[in-house]
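> Bring the two chains, given one by one in their own frames, into a single complex with the hints.
From first to last, the protein sequence lines are chains A and B.
Quick note on numbering: the numbering used here labels position 342 of the first sequence as 386, and the sequence is numbered without any gaps.
Quick note on numbering: the numbering used here labels position 15 of the second sequence as 984, and the sequence is numbered without any gaps.
It is possible that some hints are incorrect.
Said to hold, decoys possible - Chain A is nowhere near these chain B residues, computed Cβ spacing over 12 Å in every case:
id: 1; residue: 982
id: 2; residue: 986
id: 3; residue: 993
id: 4; residue: 1005
id: 5; residue: 1020
id: 6; residue: 1025
id: 7; residue: 1041
id: 8; residue: 1051
id: 9; residue: 1053
id: 10; residue: 1056
id: 11; residue: 1058
id: 12; residue: 1063
As the list claims (entries may be wrong) - Below 25 Å or equal to it, Euclidean Cα-Cα: the simulated DSS-like pairs (lysine-lysine) are:
id: 13; chain 1: A; residue 1: 368; chain 2: A; residue 2: 385
id: 14; chain 1: B; residue 1: 1014; chain 2: A; residue 2: 597
id: 15; chain 1: A; residue 1: 704; chain 2: A; residue 2: 675
id: 16; chain 1: B; residue 1: 1016; chain 2: A; residue 2: 838
id: 17; chain 1: B; residue 1: 1016; chain 2: A; residue 2: 56
id: 18; chain 1: A; residue 1: 364; chain 2: A; residue 2: 641
id: 19; chain 1: A; residue 1: 675; chain 2: A; residue 2: 597
id: 20; chain 1: A; residue 1: 641; chain 2: A; residue 2: 704
Just so you know, the hints here were simulated from the structure itself, not pulled from any lab data.
Note that CB positions come from ideal geometry on N, CA and C, so glycine has one too.
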Amino acid sequence: MSWIPGIFRRRKLYDDLSEEMRLHIEEHVEQLKREGLSPQEAERQARISFGNLAVVEERSREVWQWPTLESIFSDVRFALRQLRRSPGFTIAAVLTLALAIGANAVVFSILNAFLLRPLNVARPESLYQLQHGNEASAYQSYPDYLDLRNRNRSFDSLVAYTGGEVGLDAGSDPTEVWVEEASGNYFDALGLQPYLGHFFHAVDEHGTNSAPYIVLSYEYWHTHFEDDRSVVGRVVQLNRHPFTILGVAPPEFNGTLLFFNPTMWVPIVEHPALGANDLNTRGDRWVFETLGYLKPGVTPAQATIDLNSVGAYLEKTFPKDESKMTFTLARPGLYGDYLGKPVRAFMAGLMLLTGLILLAACANLGSLFAARAADRSREVALRLALGATRTRILRGLFTEAILISLAGGSVGIVGSVVLLRALSAWRPFSSWPIHLSVNPDANVYVVAVLLAVVSGLLFGAVPVRQVLRTNPYGVVKAGSSSRPGKWVSAREVLLVVQIAICAVLVTSSLVSVRGLMDSLHAKFGFDIENTMLAETDLSMAGYSGDRVVPMQKRMLHAMEGIPGVEAVGLADAVPFAMGVNNVAVFADNAADLRPVKASAHAYIFRISPGYFRAAGTALLSGRDFSWHDDKNSPLVAVVNGEFARRLFGSPASALGRSYKMRDATRIQIVGVSEDGKYNNLTEDPEPAVFVPMLQSPSVATTLVVRAGPHAMNGAGNVSNNSPDFPGAAMRNTLRQLDPGMPVIIESRAAPLAVTLFGPRMATVALGVLGVMGAMLSITGIFGMAAYSVSKRLKELGIRVALGAQRREVLQAALGRAIQLLAIGSFAGLGLGLLATRILAFIVYQATPRDPLTLGGAVLAMALLGLVATWIPAQRAMSVDPLVLLREQ
Amino acid sequence: MMILESLRRQPAHGYALVQHIQQRSNNLLQVEEGSLYPALQRLLKAKLVKAEWGVSSTNRRVRTYQITASGLRHLEQQISSFERMFEGVTLVLNPSKSPAS
Chain A
45 MSWIPGIFRR RKLYDDLSEE MRLHIEEHVE QLKREGLSPQ EAERQARISF
95 GNLAVVEERS REVWQWPTLE SIFSDVRFAL RQLRRSPGFT IAAVLTLALA
145 IGANAVVFSI LNAFLLRPLN VARPESLYQL QHGNEASAYQ SYPDYLDLRN
195 RNRSFDSLVA YTGGEVGLDA GSDPTEVWVE EASGNYFDAL GLQPYLGHFF
245 HAVDEHGTNS APYIVLSYEY WHTHFEDDRS VVGRVVQLNR HPFTILGVAP
295 PEFNGTLLFF NPTMWVPIVE HPALGANDLN TRGDRWVFET LGYLKPGVTP
345 AQATIDLNSV GAYLEKTFPK DESKMTFTLA RPGLYGDYLG KPVRAFMAGL
395 MLLTGLILLA ACANLGSLFA ARAADRSREV ALRLALGATR TRILRGLFTE
445 AILISLAGGS VGIVGSVVLL RALSAWRPFS SWPIHLSVNP DANVYVVAVL
495 LAVVSGLLFG AVPVRQVLRT NPYGVVKAGS SSRPGKWVSA REVLLVVQIA
545 ICAVLVTSSL VSVRGLMDSL HAKFGFDIEN TMLAETDLSM AGYSGDRVVP
595 MQKRMLHAME GIPGVEAVGL ADAVPFAMGV NNVAVFADNA ADLRPVKASA
645 HAYIFRISPG YFRAAGTALL SGRDFSWHDD KNSPLVAVVN GEFARRLFGS
695 PASALGRSYK MRDATRIQIV GVSEDGKYNN LTEDPEPAVF VPMLQSPSVA
745 TTLVVRAGPH AMNGAGNVSN NSPDFPGAAM RNTLRQLDPG MPVIIESRAA
795 PLAVTLFGPR MATVALGVLG VMGAMLSITG IFGMAAYSVS KRLKELGIRV
845 ALGAQRREVL QAALGRAIQL LAIGSFAGLG LGLLATRILA FIVYQATPRD
895 PLTLGGAVLA MALLGLVATW IPAQRAMSVD PLVLLREQ
Chain B
970 MMILESLRRQ PAHGYALVQH IQQRSNNLLQ VEEGSLYPAL QRLLKAKLVK
1020 AEWGVSSTNR RVRTYQITAS GLRHLEQQIS SFERMFEGVT LVLNPSKSPA
1070 S
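This is chain B alone, in the form it adopts within the complex (with noise of 0.2 Å):
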């Protein structure tokens, strides 16, 4: 999810994907780089994603992953329900500050 929310913004190869994910959470999501690369093979494969050979802004060699249309379609789904699930989480864990109250 938060892959293709980054994608979302702009296209970007693993190494740009990596940097914008550690950078936007403000280095509190310690995770292996290497991880990415099954989540990514996951995306193409469910076609959510694609991927192009390119040359980047540093002169480099590499592959660069775009967002689909149908990815766009599940990114907003997985939000909203990931939003419905965050709150539900939220009204149990605080009562007070329920909107219903």
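Pulled out of the complex, with its shape left as it was, chain A reads as follows (with noise of 0.2 Å):
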């Protein structure tokens, strides 16, 4: 680093070097006086013999000067200047750049946090987790990783979790969590130290149910504990069983999905407090994932092949239980393979398409600089006629295109940082702890600056030939000649292709809104407007057996009570809610009963009488059930249009009729419902069955609470009139019933919301695809409009000489890059009708056959190519046959 002091030290040298050149002067001037000079004939013929001062002190400081890095200062000073004095041109090459960088560090970023960057843990790369051999499922049951932890002889130690919701009671204000039950081991084998208090570990298990303890994540800790150290040692209810709280993970541990954020930890044998499963059902399959750390030496073909002699036992020793036990080895981070492969498939093609868009940049880029090299190729013609060095000249271009890019990269990067913090603050659904924590990090910095450079280098290199082969004397005297060049070149076909990728995405993106804004007004067999729900699961609140009906009645009446609520109705679950089940079901006359000879797959809800009146799904024809449909009277159900349908041919002809269920029970049908959506906006009619709730009880428990449209029945209730209403209330009367009981309350249309993510996800993308591709053809059609106007403007001089009128000359200039913009909108905007047949799949009546996406689209284009020409076309216009003559 000698280079610090020496530009401190500089200053000196290039001050004695004044002054002593300043003495040299005076001594020979006194010399010359001796000699009988006049002082001012002295000076003067010193001054002579001396030579250039200003030349010999520029070239006496050059010695000194660390030459490139100043010649490049000087270099960026200059093409500063220069950017300025065309703001157009730098904006839109910056922003067209911090676009397609900022989309490319976000890809990265998403990549580096999911694939990358490893989980917080020790030793990372050897914590392998199990997947079974033959699917890319992981559940193992808990006698089977018992006997994989035991038995095999590769890893330091097998640790087993699963997730589920519990109900948690903490004093105050009872909530539903999500909890991972884990091994006594978890803990320690990962390596990991408690943050506060301490872990539970494996000398804690002592069979079921033998461990009742708490480790709570640090971010729930934090957010709900208000980071209390006295928590330690506290005794919570989980669904309703004491469990104490041992200590707080620490901050950077997450659990080792890396989406997925637990709320706290429990021993893994509290299983069947928490649950309904018990431990030791050997074919029950419920632990989410198995992982550990190979042995220091031991590779994963050796530890697969390891694990699969421990299932050939297991297998071996219990046909009855178990199927095929093999297994494979991946990262535990996504879930091995079930997540990982799509989402390593789906990020690779996220990263090539984004890798286009910043190659179509540069190529836009680069005709921009080519358009701005012709433009100035009389400058460049003077300069190199002055003896400029060709070297020095592409110098200058580089350094402009390398501070177009860094100026492109940082707008970029900035934009790509909030866009990325947003994003990991971001929760899209709130009843799952789904985070993506995809904070850029150094790796991100740096990839971005370096695609920025290398994108700068690319687009900076288009106009060397050009400056090359310019020759200094042709040029000055006669300007730049226009030779016609090929039919079509490389560069139209490439632009061509951008406007069509470009109207495909803006016809798809606008096909997308307007299917989104139709399905809020779809027929979904149920009334949205004025319409609660309360959810929860009596288990998590301690009801079990025969207390379980007598309770979701007592809610039932409750709610009734509610002033101004107009309808109740009680389910298991309700359409597009969590937790909605099949049925397989049978023809009354079916003997093979099983699942693959099913006469259909219906959707099946538990619902108590007055659910339909309540939820608004209209009966066709027969009767809503009664309270007197119960254990003692025959099992009767309600089917939709679809269900009887597929079993009889027509809903007519259901009423009255039977089916069978698996377990060869007979349901009479004694009503028949309109058909709705269950679980999807998309698709197709399904069949659903409704039985009463007394017949089949469940704990799952929803209320369906309608309040009247007009709910200010006389009572004068004040909340009637508040936009919670009747939800405060609702939460008010269930907490009278039983405190202790969580309940989400939620308006009827925010399960949609988590279906409509999708379809919001999906147009949000292609929005943005559609504003990146405007912005790249903007500048594709601006880069090649400008340059053929520069190239032509001569031409256009001679033109407007003769008399030809401004249409005219606006076809002469611009009329290519329109017939490109046109032959790239109408391939665009066709492919972007057959494309909307995909996007039907995942929007809601996305159809290409609606007048105003077709209008919107045509127009969206029109105006691209209107801010695209503008510039060029102004300059056209403004073109002066008399000046340019001059000039010639």
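Laid out in structure tokens, this is it:
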């Protein structure tokens, strides 16, 4: 780093030098005066014989300068001056690059977070999860896990965990939280140290329900226990069972799944207390993930062989319970290949796409630069003629390119950081602890800057040949001459492709926006307006067996008592919410009751009397259930129209007929309801069946509460006007019934948000890509138009001088660009209409046959063309033949 | 090389160096005096000479240059390679006088 003091020393060197030269001339002057010259003459003579003082000084100083760096500084200053002189060009170029680099930074950052960055545990490189050899699933039964853990010789220690939702009662306001039930060796095996208190260990496990302990995640402790260090040792209720808080996990550890952050960990031996399964059923695979560190020196291949031998032993020993027991190893962060494979494929595709966007941006910027270089061919020629080297001129051009790429890169990085921060803080589903921790790190910045510089070099290289070929004398004499190029150049093809892609994106995003808007007014088979849901799992509040139905009846009656409530119903699950189940149903005369032989797989809802009225589902024929449809009366059901059509041919013929369940029970159909949507807005009509909750009780409970459209029924209840009505009243009423029961209260529309998530994301993604496509097309057309105008400026001037009309001038100048735009747009619109057929699988009622959409797309493309050609058109129109001819 | 040779004989300041070289070359080498300075700076940078402010015999404030040890070594190399080149040139231009014949 010797140059740092050098910079300070240099000032003294320069001062010494000037002083020395001044003294030199002075001495010479004295000498000459002594020889008899007049003072003026002496001064003159001395200066003549010394030579050009400034040049000498400059050259002497150069000796000390760091030649490349300082001349680069002067290049940069020059380039900045040049760029400031053409702000339109600069802004367009910087923005294009910012978008392209930003997109790459965002995608790379996600890729980095999910695929490159290791888990926050010790030695992540030797951490593997087990998955079944024949499928990407990793579920194990608990006894199998124990055998795998104890019999394998390849892992240091094998840990297991599973996730689940439980009711947490920490004194006030019971809530539903996501916990990870982890084997006792979990924290020790992963090499973690508690942030506070201590963890549970393998020695704490003494069989079923023997270790009622909790380790909180740092985040949950921070947000829900306000960093209270005295929580250690406190006893809270999970599903009405007392659990002791042992400690808090370190802040950087959020479980071994990258996108799923549990709120707490409890020992897996507590599973029966929290769920319905017991620990000892070998055929019941509920353990979500099994993972561990390979012993030093053991390769994954060796470990697989070892595990397979344990699997073979299990298959032989428990032939009744076990199916094929072969294993493969995979990375645990994305649940092995189950998510890992699609995520990897998707990210690779996305990276490729953004890479192409960047390449296209480079190509466009390249043609912009070529246009600029053509514009400046005179200046370049003049500089060449005056003795500038071609390297020097090229260096100037490259400096501009790099400056633009760095500016664009910085803007892009800043934008992507903002976006990524938002993405990291985003919780797409309120009821799932899904996190996308995609904050950028040093890798991302390095890659983004590298990409920026490389792309700068790429598009900066486009005009190189042009400059190298410049013949100074020819250009200075005649101005740049335009030779008609090939009929279609590669650049034009590229431009058409870009425009077409842009048009596809614009069309499909318009279609999906329209589809989204329509989907909120679709016919669901239930009402959204004025309806609230209260969802709970009674097992979380400790209800089971015979206590469930009376509690549900009490809840129903309590809801009916709220003023302003018009109708109340209860179901185990409602359409679009979590927990909607499927059953196989069989024709009445079916003998083979295997699932593959089923007449249909129908959505099943276990409902209370009055549910149809509360939900707003119309009964086409037959009757609703009553409280007499209980265990002592014949089994009955209401089916929807599609169910009737599948089993009996038509809705009308279904009434009074029967169908069979898998266990051969016969159920008589007493009513037929309208068809609806049950799981997905884009689904085809699906069969559904409603059965009375008294005949098929369930702990899963969702209350459907419908308020009157004008809930002001004379009671003068002010809260009726609040948007939260009747949510707050429902919460209070339920709290009075059982203060320890965790309840989620939401509007009927809320579960739809989850369903609409996919289409919304698709729309946003299409919109973002559409904007990028538009930006690229604009710079592409702009570059081409600007290039053709500046190339043909002289010709245009002559045309104007010969009396050409403005329209003709424009046609001559921009005809090609407009032509390409039209070709690209129409190709794109056509393709876009085809693409919406695919889109229809994601977005409800995405149809291209919509004049508004089509008109919008055409308008968008026209606008885009207008924006892109505006500046070149202005320039072509303002051609003043006199000025031009004088210049030549 | 000429500068180094002059400085080897005795340390000098810029003006004196110019005078010295012009005299020694019998005014055959008429160079701009200024062109001395970039050369001096290069030598300074390469640490072949060193400079010090002082007072000259004529009682003027001057910056006196002095050849360094590495300057001397460099000069010797330069002279020998120059002589070899000169010898080569002579051989080509005037083969009859070549020492080999």
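> A separate judgement is required for each hint: does it hold in the structure or not?
Structure-based check of each hint:
The non-interface label for residue 982 of chain B is inconsistent with chain A: the shortest C-beta to C-beta separation is roughly 8 Å, within 12 Å. Its closest Cβ contact with chain A, about 10 Å, brings residue 986 of chain B to no more than 12 Å, contrary to its assignment away from the interface. Consistency note on residue 993 of chain B: stated as away from chain A, and its beta-carbon is indeed over 12 Å from all of that chain's, at 17 Å minimum. Non-interface call for residue 1005 of chain B relative to chain A: violated, since the shortest CB-CB distance, roughly 8 Å, does not exceed 12 Å.
The Cβ of residue 1020 of chain B sits about 8 Å from the closest Cβ of chain A, inside the 12 Å cut-off, so the non-interface label is violated. The beta carbon of residue 1025 of chain B is not kept farther than 12 Å from every beta carbon of chain A, the shortest such distance being approximately 9 Å. With a cut of 12 Å on Cβ distances, residue 1041 of chain B stays outside the contact zone with chain A, its closest approach being about 21 Å. Every C-beta of chain A lies more than 12 Å from that of residue 1051 of chain B, the closest at about 22 Å, which supports listing it as non-interface.
The Cβ of residue 1053 of chain B sits about 28 Å from the closest Cβ of chain A, beyond the 12 Å cut-off, so the non-interface label holds. With a cut of 12 Å on Cβ distances, residue 1056 of chain B stays outside the contact zone with chain A, its closest approach being about 32 Å. Annotated as non-interface, residue 1058 of chain B keeps its C-beta farther than 12 Å from every C-beta of chain A; the closest such distance is 29 Å. For residue 1063 of chain B, the requirement that its beta carbon stay farther than 12 Å from each beta carbon of chain A is met, with the minimum near 36 Å.
Proximity of residue 368 of chain A to residue 385 of chain A is assessed by CA-CA distance (about 22 Å); at most 25 Å being required, the pair is judged to hold. Proximity of residue 1014 of chain B to residue 597 of chain A is assessed by CA-CA distance (about 98 Å); at most 25 Å being required, the pair is judged violated. With a C-alpha separation of about 17 Å, the suggested pair residue 704 of chain A and residue 675 of chain A falls inside the 25 Å cut-off, and the hint holds. Proximity of residue 1016 of chain B to residue 838 of chain A is assessed by CA-CA distance (about 58 Å); at most 25 Å being required, the pair is judged violated.
For the hint pairing residue 1016 of chain B with residue 56 of chain A, the CA-to-CA distance comes to about 17 Å; that is within 25 Å, so the pair holds. Annotation: proposed proximity of residue 364 of chain A to residue 641 of chain A holds, straight-line Cα distance about 24 Å (limit 25 Å). Taking the CA atoms of residue 675 of chain A and residue 597 of chain A, the gap is near 15 Å; set against the 25 Å cutoff, the hint holds. This hinted pair checks out: residue 641 of chain A and residue 704 of chain A have alpha carbons roughly 12 Å apart, not beyond 25 Å.
Taken one by one, the earlier hints fail for this structure at numbers 1, 2, 4, 5, 6, 14, 16, listed in ascending order.
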